[in-house]
Amino acid sequence: AQKVTQAQTEISVVEKEDVTLDCVYETRDTTYYLFWYKQPPSGELVFLIRRNSFDEQNEISGRYSWNFQKSTSSFNFTITASQVVDSAVYFCALIRGDTGKLIFGQGTTLQVKP
Amino acid sequence: EPEVTQTPSHQVTQMGQEVILRCVPISNHLYFYWYRQILGQKVEFLVSFYNNEISEKSEIFDDQFSVERPDGSNFTLKIRSTKLEDSAMYFCASIPKGTGRGAFFGQGTRLTVV
Chain A
1 AQKVTQAQTE
11 ISVVEKEDVT
21 LDCVYETRDT
31 TYYLFWYKQP
41 PSGELVFLIR
51 RNSFDEQNEI
61 SGRYSWNFQK
71 STSSFNFTIT
81 ASQVVDSAVY
91 FCALIRGDTG
101 KLIFGQGTTL
111 QVKP
Chain B
1 EPEVTQTPSH
11 QVTQMGQEVI
21 LRCVPISNHL
31 YFYWYRQILG
41 QKVEFLVSFY
51 NNEISEKSEI
61 FDDQFSVERP
71 DGSNFTLKIR
81 STKLEDSAMY
91 FCASIPKGTG
101 RGAFFGQGTR
111 LTVV
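Chains as they are written, first to last, in the working numbering: chain A, 1 to 114; chain B, 1 to 114.
Hints should not be assumed to be uniformly reliable.
As the list claims (entries may be wrong) - Keeping only pairs whose Cα atoms sit at most 30 Å apart, straight-line, the calculated BS3-like set for lysine-lysine is:
id, chain 1, residue 1, chain 2, residue 2
1, A, Lys38, B, Lys57
2, A, Lys38, B, Lys78
3, B, Lys42, B, Lys57
4, B, Lys42, B, Lys97
5, B, Lys42, A, Lys113
6, A, Lys70, B, Lys42
7, B, Lys97, A, Lys38
8, A, Lys3, B, Lys83
Claimed, not checked - Only part of the chain A face toward chain B is listed, based on derived beta-carbon distances under 7 Å:
id, residue
9, Arg50
10, Leu102
11, Gly107
Simulated from the structure, these hints should not be mistaken for lab results.
Predicted model, so just to flag it, every value in this text is computed and none were measured.
Cβ coordinates follow ideal geometry from the N, Cα and C atoms, glycine included.
Same shape as in the complex, but just chain A:
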């Protein structure tokens, strides 16, 4: 069975703090893909990053960085110097290699206060 767990339901930080959103996944597949999506208050799902199971390199994009560790089945997301506009629900998700079906975690609501 496949599963994505985001243990943090809600996180509140003050602007300019760094924050890490945790994601742990379960799968028996050797080929899979991991994603992060942002859902702002307007409701749409905004793609942030995709990582395949063979690529454990960490990635940085501006204030965003991702740490993928197969040994712990984790794909954590860090926002450096958070801003109020980062306030949203963030979802981690998993795709099996052959189906394209996304399995989402429960989401983490991030509130960044000025």
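Chain B: place on chain A using the hints.
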């Protein structure tokens, strides 16, 4: 940039009525999906559609639900007799040939059953 388009953005319907949610996926994509998000909860897979037939469906996708791709461009989700618990945000998504590339999501249709 091509995008997935969903209409309407918000629909209110009486319990027991039929509703059709419409989606125009990206034109050269091959895999199509519907997901549901009850307010405050995670995004859940409903159904996937490939080669003009359902390839997978979840336990949520019971006989009240159906999908169609009537004309090669639109992709619809029909709920035959809506219930209060069908109130949710419904997302359409499409994927190009490589399923691991991740889904391109529409902006969602918020369905309210009263």
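Okay, the hints, checked on the actual structure:
Of the supplied pair hints, the one linking lysine 38 of chain A and lysine 57 of chain B holds, its CA atoms being roughly 25 Å apart against a limit of 30 Å. The suggested pairing of lysine 38 of chain A with lysine 78 of chain B holds, with an alpha-carbon distance near 27 Å, which does not exceed 30 Å. Taken as a hint, the lysine 42 of chain B and lysine 57 of chain B pair is honoured in the structure, with Cα atoms around 17 Å apart against an allowance of 30 Å. Annotation: proposed proximity of lysine 42 of chain B to lysine 97 of chain B holds, straight-line Cα distance about 26 Å (limit 30 Å).
For the proposed pair lysine 42 of chain B and lysine 113 of chain A, the alpha carbon gap of about 24 Å is at most 30 Å, so the pair holds. Straight-line distance between C-alpha atoms of lysine 70 of chain A and lysine 42 of chain B comes to about 24 Å, which keeps the hinted pair within the 30 Å bound. Pair hint lysine 97 of chain B plus lysine 38 of chain A holds up; C-alpha atoms about 24 Å apart against a cutoff of 30 Å. Taking the CA atoms of lysine 3 of chain A and lysine 83 of chain B, the gap is near 28 Å; set against the 30 Å cutoff, the hint holds.
Taken as an interface hint, arginine 50 of chain A checks out: its beta carbon lies about 5 Å from the nearest beta carbon of chain B, inside 7 Å. The beta carbon of leucine 102 of chain A comes within 6 Å of a beta carbon in chain B, closer than 7 Å, and the hint placing it at the interface holds. Taken as an interface hint, glycine 107 of chain A checks out: its beta carbon lies about 6 Å from the nearest beta carbon of chain B, inside 7 Å.
Consistency with the previously given hints is maintained throughout, with no hint failing.
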